[in-house]
Amino acid sequence: MLIVSLLLNIAVLVPVSLVLIRQGRPATYAWGGRTAGRDILLAIYLSILFVSCSLLAGVAAAGATPLLETAAASLLIVQIIYKVLTVITVRHSLRNPVVLSNLGIAAVHAVTVATLAPALLA
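Per this note's numbering, the sequence shown starts with residue 1, numbered consecutively.
Think of the hints as simulated: they come from the structure by calculation, not from any bench. Remember, it's a predicted structure, so these values are computed and weren't measured experimentally. Positions of the beta carbon are idealized from the N, C-alpha and C atoms, including for glycine. Treat each hint with caution, since some may be false.
[Said to hold, decoys possible] Computed spacing ranges between beta-carbons, pair by pair:
(1) 117 with 29: 33 to 39 Å
(2) 53 with 92: 28 to 34 Å
(3) 95 with 65: 37 to 43 Å
(4) 115 with 61: 19 to 25 Å
(5) 24 with 87: 22 to 28 Å
(6) 36 with 78: 20 to 26 Å
(7) 43 with 92: 21 to 27 Å
(8) 61 with 25: 37 to 43 Å
Model the full assembly from the supplied sequences, consistent with the hints where possible.
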(Lines of atoms letter the chains of each structure in order from A and count residues from 1; the text may use other names and numbers.)
(Lines give C-alpha, C1' and ligand atoms only; values in the text may rest on other atoms or scores of the structure.)
Protein backbone atom coordinates (compact mmCIF):
# COMPACT_ATOMS: atom_id res chain seq x y z
CA MET A 1 0.00 0.00 0.00
CA LEU A 2 2.93 2.35 0.64
CA ILE A 3 3.85 2.39 -3.03
CA VAL A 4 0.18 2.91 -3.96
CA SER A 5 -0.07 6.01 -1.76
CA LEU A 6 3.21 7.47 -3.00
CA LEU A 7 2.26 6.85 -6.63
CA LEU A 8 -1.18 8.35 -5.98
CA ASN A 9 0.46 11.49 -4.60
CA ILE A 10 2.67 11.76 -7.66
CA ALA A 11 -0.15 10.99 -10.12
CA VAL A 12 -2.36 13.68 -8.58
CA LEU A 13 0.23 16.32 -7.76
CA VAL A 14 2.00 16.48 -11.13
CA PRO A 15 -1.10 17.58 -13.09
CA VAL A 16 -2.47 19.67 -10.20
CA SER A 17 0.82 21.52 -9.86
CA LEU A 18 0.97 22.11 -13.61
CA VAL A 19 -2.58 23.51 -13.57
CA LEU A 20 -1.65 25.89 -10.75
CA ILE A 21 1.60 26.91 -12.44
CA ARG A 22 -0.20 27.67 -15.72
CA GLN A 23 -2.81 29.73 -13.84
CA GLY A 24 -5.55 28.98 -16.34
CA ARG A 25 -9.29 28.66 -16.01
CA PRO A 26 -9.16 25.21 -14.36
CA ALA A 27 -7.04 26.63 -11.54
CA THR A 28 -9.44 29.52 -11.01
CA TYR A 29 -12.42 27.14 -11.04
CA ALA A 30 -10.93 24.78 -8.46
CA TRP A 31 -8.92 27.14 -6.22
CA GLY A 32 -10.22 30.63 -6.99
CA GLY A 33 -8.25 33.54 -8.40
CA ARG A 34 -4.51 33.78 -7.99
CA THR A 35 -3.63 34.92 -4.50
CA ALA A 36 -0.67 34.56 -2.18
CA GLY A 37 -2.61 31.75 -0.49
CA ARG A 38 -2.99 29.85 -3.74
CA ASP A 39 0.71 30.28 -4.48
CA ILE A 40 1.54 28.99 -0.98
CA LEU A 41 -0.69 25.98 -1.67
CA LEU A 42 1.34 25.33 -4.83
CA ALA A 43 4.52 25.40 -2.74
CA ILE A 44 2.98 22.88 -0.33
CA TYR A 45 1.90 20.63 -3.20
CA LEU A 46 5.38 20.79 -4.76
CA SER A 47 6.92 19.91 -1.38
CA ILE A 48 4.64 16.88 -0.99
CA LEU A 49 5.46 15.88 -4.58
CA PHE A 50 9.21 16.14 -3.93
CA VAL A 51 9.01 14.13 -0.69
CA SER A 52 6.77 11.50 -2.33
CA CYS A 53 9.22 11.08 -5.22
CA SER A 54 12.16 10.89 -2.80
CA LEU A 55 10.43 8.26 -0.65
CA LEU A 56 9.45 6.24 -3.70
CA ALA A 57 13.06 6.35 -4.93
CA GLY A 58 14.22 5.24 -1.49
CA VAL A 59 11.80 2.32 -1.46
CA ALA A 60 12.90 1.35 -4.97
CA ALA A 61 16.56 1.48 -3.97
CA ALA A 62 16.51 0.02 -0.44
CA GLY A 63 13.10 -1.54 0.01
CA ALA A 64 10.53 -0.49 2.57
CA THR A 65 12.86 0.02 5.52
CA PRO A 66 11.48 1.05 8.92
CA LEU A 67 12.98 4.53 8.45
CA LEU A 68 11.33 5.02 5.06
CA GLU A 69 8.03 3.63 6.34
CA THR A 70 8.11 5.99 9.31
CA ALA A 71 8.88 8.98 7.10
CA ALA A 72 6.13 8.00 4.66
CA ALA A 73 3.60 7.45 7.44
CA SER A 74 4.40 10.90 8.82
CA LEU A 75 3.83 12.51 5.42
CA LEU A 76 0.60 10.59 4.88
CA ILE A 77 -0.77 11.41 8.35
CA VAL A 78 -0.22 15.13 7.76
CA GLN A 79 -1.98 14.79 4.41
CA ILE A 80 -4.90 12.92 5.94
CA ILE A 81 -5.35 15.63 8.57
CA TYR A 82 -5.24 18.55 6.14
CA LYS A 83 -7.43 16.82 3.56
CA VAL A 84 -10.12 15.99 6.12
CA LEU A 85 -9.93 19.53 7.51
CA THR A 86 -10.83 20.91 4.08
CA VAL A 87 -14.37 19.65 4.72
CA ILE A 88 -14.56 22.07 7.65
CA THR A 89 -12.60 24.98 6.21
CA VAL A 90 -13.87 25.17 2.63
CA ARG A 91 -17.21 26.82 1.98
CA HIS A 92 -19.75 24.49 0.33
CA SER A 93 -17.10 21.82 0.75
CA LEU A 94 -19.10 18.83 -0.40
CA ARG A 95 -19.69 20.53 -3.75
CA ASN A 96 -16.03 21.38 -4.24
CA PRO A 97 -14.14 18.96 -6.52
CA VAL A 98 -10.85 19.52 -4.67
CA VAL A 99 -12.42 18.68 -1.30
CA LEU A 100 -14.10 15.58 -2.71
CA SER A 101 -10.86 14.32 -4.25
CA ASN A 102 -9.07 15.13 -0.97
CA LEU A 103 -11.46 12.83 0.89
CA GLY A 104 -10.86 9.97 -1.52
CA ILE A 105 -7.10 10.38 -1.31
CA ALA A 106 -7.28 10.63 2.49
CA ALA A 107 -9.14 7.31 2.56
CA VAL A 108 -6.41 5.60 0.52
CA HIS A 109 -3.70 7.12 2.72
CA ALA A 110 -5.57 6.03 5.86
CA VAL A 111 -5.54 2.42 4.64
CA THR A 112 -1.81 2.73 3.95
CA VAL A 113 -1.10 4.12 7.41
CA ALA A 114 -3.22 1.37 8.94
CA THR A 115 -1.15 -1.26 7.13
CA LEU A 116 2.11 0.37 8.26
CA ALA A 117 1.04 0.99 11.87
CA PRO A 118 1.56 -2.51 13.34
CA ALA A 119 5.19 -2.66 12.25
CA LEU A 120 5.85 0.95 13.25
CA LEU A 121 4.29 0.49 16.69
CA ALA A 122 6.08 -2.80 17.40
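Here is what the structure says about each hint:
no., hint, in the structure
1, 117 with 29: 33 to 39 Å, "holds, 37 Å"
2, 53 with 92: 28 to 34 Å, "holds, 33 Å"
3, 95 with 65: 37 to 43 Å, "holds, 42 Å"
4, 115 with 61: 19 to 25 Å, "holds, 21 Å"
5, 24 with 87: 22 to 28 Å, "holds, 26 Å"
6, 36 with 78: 20 to 26 Å, "holds, 22 Å"
7, 43 with 92: 21 to 27 Å, "holds, 25 Å"
8, 61 with 25: 37 to 43 Å, "holds, 40 Å"
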